[in-house]
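Undergrad: The primary structure of each chain is shown beneath.
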Amino acid sequence: MQKLHLKIITPNKIVRDEEILSATVETAEGEITVLPRHMNLFSLLVEGVITIRGERNSEDHLAIGGGYLETDGNHLNILVSRAYHQDEIDQQLTQKALEQAKKILTTSKDDQERHEANLLLRRSLVDLKLLKKRRPRTH
Amino acid sequence: MNVRQVGKKIKSVSNVKKITNAMQLVSAVKMKKAQQRALEGRPYQELLEEAIYNIVGKAEKNASELLKLKQGAAKKLSIVVTSNKGLCGSFNVSVIRFIAKEIQKDHEFVTIGKKGSILIASLGGNVIADFSSLDLIESVTAVFKIALERYLAGEYKSVSLIYNKFISTLRYDPVQKQLLPFIMSEVDQDSKKELKNYELEPDAETILDALLKSFIEEQIRHAIVESEAGEHSARMIAMQNATDNANNVIYNLTLLKNKLRQQSITYELLDMITAKESVESI
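So the sequence lines, in the order shown, correspond to chains A and B.
Residues 0 to 138 in numbering that gives the first Met the number 0 are what the first sequence lists, from first letter to last.
Residues 0 to 281 in numbering that gives the first Met the number 0 are what the second sequence lists, from first letter to last.
Certain hints may be false.
As the list claims (entries may be wrong) - In silico BS3-like pairs for lysine-lysine, Cα to Cα no more than 25 Å straight-line: (1) B:8 with B:74; (2) B:176 with B:212; (3) B:32 with A:6; (4) A:12 with B:31; (5) A:12 with B:156; (6) A:12 with B:212.
Just so you know, the hints here were simulated from the structure itself, not pulled from any lab data.
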């Protein structure tokens, strides 16, 4: 079976560099799944959860910030501001951040502060969504 | 100077030596980290560059506001990256010397790092904003925002970035990079590959705009990381020189101390001998 070479890159490091079967991502125009031999595509990604399917039907999930997707059918490059695996996120901390962001949004009148809280809220929601996904089976 | 004074001096110099030696070790570790970070950020930047190159080729010349030349504005904005702390040789001065010619003209500055803002202000430059929080990397977004907003409002003809480029542990050179309006030639220098044809979603303009913004922001981040690597290596070298110099001073002072001690012993002996001679001759 043909495979895709996936690279997930953030400004800090290369998060993933592996062969996969398909990946599902959220773009600015909706959710898409990239399979091998996909047509050349360049797309904007929004904050969300990406799902990577590797061999033997294993699934893996990552929370990402906004960024770009580039594919030519053999390679899939994902450039994002941040990418975290399920194991790297602490549920309690995320919950805490979510509540804090909500509190700021309801009380603060400062535009800058509200904007930051909004970003935090969106990020925490994405992270929580990621945590609800089924954990990959450990082989 | 007597022996005791020299002894005191030796003690204080060796204390200084301990400190400079410790600082040298700390800087060496920090430099390694900063270098590592600069290396790890490279793939991200390269892929962005490649993508921009692919898309700019296809899009129209004026697809993005960031590609157009601003008419009418006369002022220029420079983002100057320096360090927050001193004791790093000519690191900060070399950046300032690099832009010294332009300080007097209709030029405005945004500084990242305390030393730069102090030096520019003392030379009479117009510093409109200074981002010198403890962690310089955190201010990237804010710097980018202020530059972009003011540029789009038509205040500036161009925005450039000035920082110390890290070349090797022993070398760093101040460089100037133009950020806005975006110049294509910087990108296609090393990527002479075939243009790939992409399907673009949602459309070329939106993507190009977002790409250019991330690329410029990434350039600022990269400049800060490189400047940090340069700062730590400069400090390491400066501290190494200081330690060597302290060693030299201690060596010379020890010689002096021994000489003085020997001298006083000789004088005492002389005294005793003359006293004895004079008593015996009577």
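Undergrad: Now tell me, hint by hint, if it's right for this structure.
TA: Do the hints match the structure? See the list:
1. About 54 Å separates the Cα atoms of residue 8 of chain B and residue 74 of chain B, which puts this hinted pair outside 25 Å; it is violated.
2. With a C-alpha separation of about 15 Å, the suggested pairing of residue 176 of chain B with residue 212 of chain B holds against the 25 Å cut-off.
3. The suggested pairing of residue 32 of chain B with residue 6 of chain A holds, with an alpha-carbon distance near 24 Å, which does not exceed 25 Å.
4. Between residue 12 of chain A and residue 31 of chain B the CA atoms are separated by roughly 16 Å; this keeps the pair inside 25 Å, and the hint holds.
5. A hinted pair counts as satisfied when its Cα atoms are at most 25 Å apart, and residue 12 of chain A with residue 156 of chain B does not qualify at roughly 35 Å.
6. Distance check on the hinted pair: residue 12 of chain A and residue 212 of chain B sit about 20 Å apart at the alpha-carbon level, within 25 Å; holds.
This entry does not satisfy hints 1, 5, going by the numbered hints stated previously.
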